[in-house]
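Asks: Sequence:
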Amino acid sequence: MHFDLIDLRLYLHTLDTGNITAGAARSHLSLAAASARIRAMEAALGIECLERGRRGVTPTAAGKALARHARLLLQQAEHLQQDLAEYAKGIKGQVRLLCNTTALSEYLPELLAQFLREHPNLDIDLQELPSLRITQALRQGTADLGIISDAVDTHGLQTLPFRDDPLVLIMPLNHPLTAQPASFIDSLQHDYVGLATHSALAVYLEEQALHAGFRLQTRIRADGFDGLIRMVAGGAGLGIVPQAALERWPAERRFKTQPLNEDWACRTLLLAARSFEQLPAYARALLDALARPLRKNP
Numbered sequence: 001m002h003f004d005l006i007d008l009r010l011y012l013h014t015l016d017t018g019n020i021t022a023g024a025a026r027s028h029l030s031l032a033a034a035s036a037r038i039r040a041m042e043a044a045l046g047i048e049c050l051e052r053g054r055r056g057v058t059p060t061a062a063g064k065a066l067a068r069h070a071r072l073l074l075q076q077a078e079h080l081q082q083d084l085a086e087y088a089k090g091i092k093g094q095v096r097l098l099c100n101t102t103a104l105s106e107y108l109p110e111l112l113a114q115f116l117r118e119h120p121n122l123d124i125d126l127q128e129l130p131s132l133r134i135t136q137a138l139r140q141g142t143a144d145l146g147i148i149s150d151a152v153d154t155h156g157l158q159t160l161p162f163r164d165d166p167l168v169l170i171m172p173l174n175h176p177l178t179a180q181p182a183s184f185i186d187s188l189q190h191d192y193v194g195l196a197t198h199s200a201l202a203v204y205l206e207e208q209a210l211h212a213g214f215r216l217q218t219r220i221r222a223d224g225f226d227g228l229i230r231m232v233a234g235g236a237g238l239g240i241v242p243q244a245a246l247e248r249w250p251a252e253r254r255f256k257t258q259p260l261n262e263d264w265a266c267r268t269l270l271l272a273a274r275s276f277e278q279l280p281a282y283a284r285a286l287l288d289a290l291a292r293p294l295r296k297n298p
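Count the sequence shown with UniProt numbering and you get residues 1 to 298, in order.
Rather than coming from a laboratory, the hints here were simulated on the basis of the structure.
Treat the hints with care, since some could be wrong.
Beta-carbon label-pair distances, calculated as ranges [said to hold, decoys possible]:
1) Ile6 / Cys266: 45 to 51 Å
2) Arg117 / Thr60: 20 to 26 Å
3) Asp164 / Thr218: 25 to 31 Å
Mimicking SDA-like on lysine to any residue, the simulated pairs with C-alpha atoms at most 20 Å apart in a straight line are [to be verified]:
4) Lys256 / Pro166
5) Lys256 / Phe184
6) Lys64 / Ala40
7) Lys256 / Ala182
8) Lys256 / Gln189
9) Lys64 / Arg52
We put the beta carbon where it would ideally sit given N, CA and C, even for glycine.
Sequences and hints are given; from them, build the entire structure.
Replies: What follows is the structure, encoded as C-alpha cells:
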C-alpha cells in the first residue's frame, strides 16, 4: 500500500467537508493534486473508498473502515511526535482534555494550573462538552482524556473515579416548593434560571426534562454557577447546580437547597480514556496529576 500520512489526512479532510475541493483546500493542496492522491490511494488498496456525486462525496463501507484506521494512525503519529518531543529541547507537547461543566468550573482550575507549572513544555487543549459527546470523541481517538458523568455508557473505555458530583435544586426563600420535598418533575412546573445554552450541564438537564415529558421553562441564563445562584437568591426562579458550587458559597444564604434523589442526579465524575496504558507519556502525566488527589484522599 503506497500512501502516506498526507494522503490519510487529505482523505479525512475530504470526508469531514463532504467534497474533494474543500478537502484539498484544508490540506493546502491543489484540486488536481488531491484528486490524484485519492485515486492513487484507492488504486493501491484495490477498492473504491468514495462514492462521488453531484453534491459531493460519501464513504463506501470500505471507506468508513479506512476512516477509522486513518484516525488511529494519525493519532499514533501525533503521539509518536509528542513522545519524542520530550527529548527535543524547546518543542512542546499538547494534551487534549474534554470535560463537563462541573469539572471545568469547580475542580480543574487549580489542578491544571499546578500541572502547567510543573510541566512547562506541555500545553492543554481544554474543551467543555456533554459527557455523551466526550465518550464519542474518546472512542474515535480525537481526544486523549475526558472527565464524564457515570450516567453515560462507557463501553470500550477505561475509567477511574474522579469526584462525587451530586446535583442540588436551589430555590428562592419564598418559593412554593420550599414547603415540602419536591422531585425534579415537580420542579418542572416552575420557571428556571439556566446556564448558557452551550453549557454541558444545561444540555444534560434539558435532556432529563425531555425524558420526563417536559421542557425546562428557562427565564434567563447565566454564564456560570455564581451568577445562577445569585439570580435564584434574588427570586428569578429555580436552579440546579452541583453540590461543589454550593460549598464555595457563604454560610449565610438567601436561598433554600434540596438534594435531587433521581439516579441521574446522584452522579460520580469519571476520568476516561480509550486505554490508560496506551496514552502517550505527556497524557499519562496529566492523568497522574488528576488522579493524585484521589490517591492521597481515598
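Asks: Now tell me, hint by hint, if it's right for this structure.
Replies: Quick rundown of the hints versus the structure:
no.	hint	result
1	Ile6 / Cys266: 45 to 51 Å	49 Å, holds
2	Arg117 / Thr60: 20 to 26 Å	49 Å, violated
3	Asp164 / Thr218: 25 to 31 Å	27 Å, holds
4	Lys256 / Pro166	16 Å, holds
5	Lys256 / Phe184	15 Å, holds
6	Lys64 / Ala40	18 Å, holds
7	Lys256 / Ala182	12 Å, holds
8	Lys256 / Gln189	18 Å, holds
9	Lys64 / Arg52	14 Å, holds
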